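What follows is each chain in one-letter form.
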Amino acid sequence: MRPFRSCFPALGLLLAALTLPGHAAPVQAEHVEAELIAENLSLAAGGDNWVALRIAPEDGWHVYWRNPGDSGLATTLTWNLPAGISAGDIQWPYPHRSALGDIVNYGYSKETLMLVPLTVPAGWSGSATLPLQVKAKWLVCKDICIPGSADLSLTLPVTAAGTPEQADPRWRDAFGAARAQLPQPAPADWKVQFATHGGAGEGDFSLAVKGAQFSAGGAIEFFPYTSDLLKHSAPQRVSNNAERGLRISQTLGDYFVKAPAQVDGALVVHDGDTVKAWEIHAQPGAVEALPKSTASGASSVAGEPAAPLSLALVLLSALLGGLILNLMPCVFPVLSIKAISLIEARAKVARRQRGHALAYTFGVLATFGGLAGLLLALRGGGSAVGWGFQLQQPVFVAVLAYLFFAMGLSMSGVVQFGTRLMGVGQGLAADSGYRGSFFTGVLAVAVASPCTAPFMGTALGYALGQPTAVAMLVFLALGLGLALPFLLIGFFPQLGKLLPRPGAWMETFKQVMAFPLYLSVVWLLWVLGGITDRSGMAVALLGLTLLAFALWLWNRPGRVALLLKIAALLAALGLLTSPQIRTVSSGEANAKPGSAAIEPWSEQRVGELRSQGRTVFVDLTADWCITCKVNEHVALDTDTVRKAFADQQVAWLQGDWTRADPAITQLLSRYGRSGVPLYLVYVKGGEPKVLPQLLTPSIVVDSLKPS
Amino acid sequence: MRTQHKPVVLSGLLIALLGAILGGAAQAADASRIGRPAPEFSAVDSHGKTVSLSDYRGKLVVLEWTNDGCPFVQHYYKQGNMQALQKEYTGKGVVWLSVISSAPGTQGYADGARADRLTKLRGAAPSAVLLDPSGKLGHLYDAKTTPDMFIVDGYGKLIYAGGIDSLPSTDPADIGRASPYVKTALDEALAGKAVSKPLTSPYGCSVKYE
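Order-wise, the sequence lines are chains H and D. If you use our numbering, the first sequence corresponds to residues 1 to 707, in order. If you use our numbering, the second sequence corresponds to residues 1 to 210, in order.
Rather than coming from a laboratory, the hints here were simulated on the basis of the structure.
Residues from chain H shown here face chain D by an in silico Cβ test under 8 Å; the list is partial: (1) 143; (2) 146; (3) 662; (4) 663.
On a predicted model such as this, the values are computed, not experimentally measured, just so you know. Ideal Cβ positions, reconstructed from N, Cα and C, are used throughout, including at glycine.
All chains should be built: construct the whole structure from the sequences, respecting the hints.
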């Protein structure tokens, strides 16, 4: 330390002030004013020194936070400092959210200080005044963006540690205000955890803060430091109550790849006029996603929906749904054969029926549980699978067509299949019968799957959005419903007496039951043709023909027959790998022909019509969705509804989800659905109303009235 | 004989069925948009010709959202980087479609004549420049920024969505330091490999939708 400075610090200061201005004049760039400023009039060797980039965008323009959001670019500082002096990272004040249509950004539209700590080593013996130079680069945007940069400099004298710092009166308030906007380290007793459910653009990011008390009613926002984590335009769902703490869920970003080991961000808590920001570091943990219905812009919602009641209700409906599945055209033929076997067995070994009923139920539950577990595991692993998604996979549809066709042929008597798998005949009495019953259960679920998707896809979609244990319960309740009739007959043999007597009619009945199966095949082929094209459908028909050939040969002896049937089976299976079936044609999401009044759905078209004040009816459907088809026939395609639509100039927009369509998937997930149908009505361009899944003409007509 | 064979067919079908479920699920296990069919579209190019995605079945298709007034786009055109990519890959049989979704009256809006002038002026070499003043195509792909990049494979599946490279910047000097995501993805796809980074964060100006 030079005597000059230690003896005459005041003189040094004076000299510095005289010879070099304490700061350079602010730089005027396009739409931005930028300046390098310091909190104090001097730099303390060994002390805390704060400098800042003061950046002031013009009215209507903004610069960006460290995570700029959907577009934009964070401001950067590149320092050029004397050797020994170091600058820290920018301490970012919490940002403000701005939205332009679908595009959301985080940044600052008012004058902001980007604080930077500067370190001058204790016992500094270098020059008495330090020139600080920095290149600031920013992007300033309104509707257009202009990149800017400025070389800023500031020269300050150095004072020894311990010398009282003299604050620069010009900036005292600005530094104070900027500090108040810095996220503070979260208290150590907060427990901050996060979880992700599902995949990019559809799944959820959820954050939980425990151990903190936030006053109810004030808005709470979370801003992550990385831009790919969240879908910025999706609403943040916030639940804040004393018992469960704070929870925030938001849709994952379209470019989210995988959950990071830690999520850092700023939690901004509004309480009346005061705002406090915390810097949080969330660790992976079990955090349940808030239901999508909690969405209400960025505002907070106090309290939780009453979960227990709705869970009981959901389980009951799943049970009923499973029961109804027994009557579905794809399941009924198979199960009626099972019923026949029960009738036959009744005469023989009635006491074994309890065992068979249990084996069958176990088969159903194990298969349902296994499939559900697989789906949940995949979703937990970050994928975006939904029940019903299977039917968007052409190979799956083709395999189902094969399966149904083979069973149909067997029932028609072309080939006699499985005494064991199908449980026909004496199988029940045999020792292997329990296994047979188990596999009948497996088969029942396999054949029920194309029916669960269209009929119960929505309910199961809801289940998949729930925590794993709840979702699994819903699936098992559905399985139990499916197994219930036989379970009951097994345990209450007197119920079995209600079944007709065995007799010759059973063979006829079995043959008749082949026809619903053939109809199911026709339906599956139609779905397949919709997903691929007529070539894909033709290949599947070829496969069915080969399958028929193999089955026709089935009971014929001889090597030639054996070779031929194996060859035909292999060829049939091989066809499943052909490009015609594997390629999903991505035909434009077009409205069904038949009504000129229906337009294809697009977010943009909805926006246009709403801005014109038109009433908009949005109908999300798929070829394989039977509920949708039923609604079309029963409610939508009726004179009453057509007349009401015409009278009130309702625009009918239809979105076709037969093939995967990310835009529709997004819209569905916004309403907490992972499947079709979904009906929305925007009365006179207002906020959307969600209609029930099962429509009647009067529901539709009533929904058009302003509420 | 019969009873031995009978369950085999059904079991085989059951196994195939489960396989199909697994296969479908595994396919979906990737991020939501990647690996799914890219939305089909028809759009008018700068010469007034209607272009559909399905016209290019069997070829790799690059969709580049662009706006000549956007500094992030300029950053890639100023020193010929984007043009070089376009030339290199159209030379290798890739279809490169530049898309202008700026609405009339907004930055970057171009009619056919202006789009052609821009191409000439910048020495660009796209296969076509698609005009999307209504933003229909942009919304269909959920393009948010310029440059926002998408790659569609020969089967019509989306195999890349995201940024042109890894370093958000408006300074051409940064291009050399960034990981060239789109170039890498195209090289991998041309070599018949899976794209190693199919989903990245796009950066740039907002698309100037109406």
